[in-house]
Amino acid sequence: MYGVISVMGNGIRCYCDKVILSKHGYRPECYFLSVFGREGDVLALTAMFLQNQEIDLEHEEASCFMTRTSYGNYRVISKRIENGLHRILYNKDLFGESNESRILYGTSDENILDQFHKWLDATVSTPLKQEWSEMIFRWLWAEKGETVRCIGLGEGVKGCVMQTPDEAQLEGFILTQIVQEELWK
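So that you can map any letter, position 66 of the sequence shown is 66 in this note's numbering, and since no number is skipped, the others follow by simple counting.
Be a bit skeptical, because a hint or two may be false.
As the list claims (entries may be wrong) - Subject to a maximum C-alpha distance of 25 angstroms in a straight line, what follows is the list of computed BS3-like cross-link-like pairs (lysine-lysine):
1. K129 / K118
2. K144 / K158
3. K79 / K92
4. K129 / K23
5. K18 / K79
6. K18 / K158
7. K129 / K18
8. K79 / K118
9. K79 / K129
10. K144 / K129
11. K118 / K144
12. K23 / K92
13. K23 / K144
14. K23 / K79
15. K144 / K92
Since the hints were derived computationally from the structure, they do not count as laboratory data.
With the sequences and hints as input, model every part of the structure.
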C-alpha cells in the first residue's frame with residue numbers, strides 16, 4: 001500500500017497521493033500529479049510545476065526531481081479541502097483530449113489491451129478487430145511505446161504511453177500480417 005508522497009520545490013512542501021511519471025532520464029516527466037496541502041503552498045508549487053521548474057518527489061519507489069512534459073497542455077482541477085487545497089494536474093493531450101498519444105494503465109495486460117483497442121479504433125479510420133489488438137500493440141510498443149511509473153494508483157497498476165501510428169504504416173502492417181496469415185485466423 002502506498003502512503004503519502006512528499007513533493008517539494010524552492011522550500012515549499014506539499015503532499016501527493018498519486019503520480020504518473022516517465023521512466024527515462026535523470027529528470028522524469030510527470031504526466032499526472034495529485035497534490036494537496038496548505039492553499040498558498042499548493043498554489044505556489046503547482047505554479048512552479050506549470051512553469052517547468054523542477055519539483056522534488058520523495059518516495060521509496062521514486063525519489064527524483066521531476067518536470068512537466070515538454071509537449072501538450074496541462075489541465076488543473078482544484079478543490080478546497082479542510083485547512084487546504086487539493087489540485088490534480090494532468091497532461092490533457094495524454095488523457096483523451098488528443099489523438100497523438102495516450103496513457104494506458106491498469107492492473108492486467110488484458111485491461112491495457114482493451115483500453116488500447118478502444119483508443120486506437122476510435123483514433124484511426126482503419127477498421128480494427130479486437131483479436132488484432134495484441135499483435136498491433138506489440139508492433140507499436142517496439143516502435144514507439146514507453147513504460148510509465150504509476151505510484152499511488154493501487155497495487156499492481158502498470159502503465160505505458162503509446163503513440164498513434166501513421167495510418168499507412170498501420171495498414172501496411174495489418175496487410176502484411178494477413179498475408180502471412182497471422183491475423184487471418
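Worksheet item: Which of the listed hints are broken here?
Response: Violated: hints 4, 7, 8, 9 and 14.
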